[in-house]
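K.L.:
Required output: the full structure, derived from the provided sequences and hints.
Sequence order for the protein chains is Y and X. Position one of the first sequence corresponds to residue 205 (our numbering), numbered consecutively onward. Position one of the second sequence corresponds to residue 512 (our numbering), numbered consecutively onward.
Nothing false has been slipped in among the hints.
Examples of chain X residues toward chain Y, derived with CB under 7 Å:
#1 G552
#2 G553
#3 I554
#4 S556
#5 M559
#6 Q607
#7 F610
#8 G611
#9 T612
Quick look at which bits of chain Y chain X covers, simulated, 3 or more residues with Cβ under 8 Å:
#10 249-261
#11 310-317
It should be emphasised that the hints constitute simulated quantities derived from the structure, not laboratory data. Glycine included, every Cβ here is placed at the ideal spot set by N, Cα and C.
Listed below, chain by chain, are the residues.
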Amino acid sequence: DGGITQSPKYLFRKEGQNVTLSCEQNLNHDAMYWYRQDPGQGLRLIYYSQIVNDFQKGDIAEGYSVSREKKESFPLTVTSAQKNPTAFYLCATSGVWGGRGNQPQHFGDGTRLSIL
Amino acid sequence: KNEVEQSPQNLTAQEGEFITINCSYSVGISALHWLQQHPGGGIVSLFMLSSGKKKHGRLIATINIQEKHSSLHITASHPRDSAVYICAVPSNTGNQFYFGTGTSLTVIP
Chain Y
205 DGGITQSPKY LFRKEGQNVT LSCEQNLNHD AMYWYRQDPG QGLRLIYYSQ
255 IVNDFQKGDI AEGYSVSREK KESFPLTVTS AQKNPTAFYL CATSGVWGGR
305 GNQPQHFGDG TRLSIL
Chain X
512 KNEVEQSPQN LTAQEGEFIT INCSYSVGIS ALHWLQQHPG GGIVSLFMLS
562 SGKKKHGRLI ATINIQEKHS SLHITASHPR DSAVYICAVP SNTGNQFYFG
612 TGTSLTVIP
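P.N.:
Written out as structure tokens, the structure is:
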């Protein structure tokens with residue numbers, strides 16, 4: 205069954221701690237994205253990757269880091285430098301990079317991160 | 512500056528009502544996307560359209576490129592349609608999307 209798997213569903217972070225959110229896909233998509241969703245705001249792009257071993261900062265990359273060592277995986281680390289990490293995090297993929305937005309994005313079910 | 516504006520923010524309807532959600536955007540686009548976010552948070556893509564109208568079951572999406580406006584209609588609404596509906600457009604480079612803040616729809620039996 206093709207899709208995107210995000211884990212964990214819920215995550216709690218202590219002060220000064222780094223946490224990593226997992227995103228795995230079996231859609232064979234090249235492009236992967238991480239978004240943050242806050243109440244009353246639209247999805248905001250944190251990082252994106254168009255190909256293995258390459259990734260670019262989005263609009264709100266500060267305090268976050270990513271890696272893309274495999275096509276299937278795009279983990280997001282929320283570092284202690286991110287002072288307001290409480291949010292809903294969504295991973296997405298699309299089949300064609302830079303296709304002028306003519307490809308639909310597929311989303312995971314999200315990870316809800318909270319501060320202890 | 513918001514590249515995508517949606518209205519209304521919240522909408523409550525009786526079962527069976529015809530529903531319209533509006534989306535206006537400011538960037539030139541190749542395609543506009545309508546998404547549905549369920550209460551649990553997962554998002555599914557409903558429509559991708561670049562002109563005219565598309566229909567899927569009770570859902571209809573229209574777009575007017577000249578006026579930079581799109582609408583999502585739900586006919587004979589049902590409580591299972593309760594969700595947040597999000598409009599999204601690609602950036603000029605196509606490497607990211609701009610998202611509206613969403614319209615939260617509640618359909619009451």
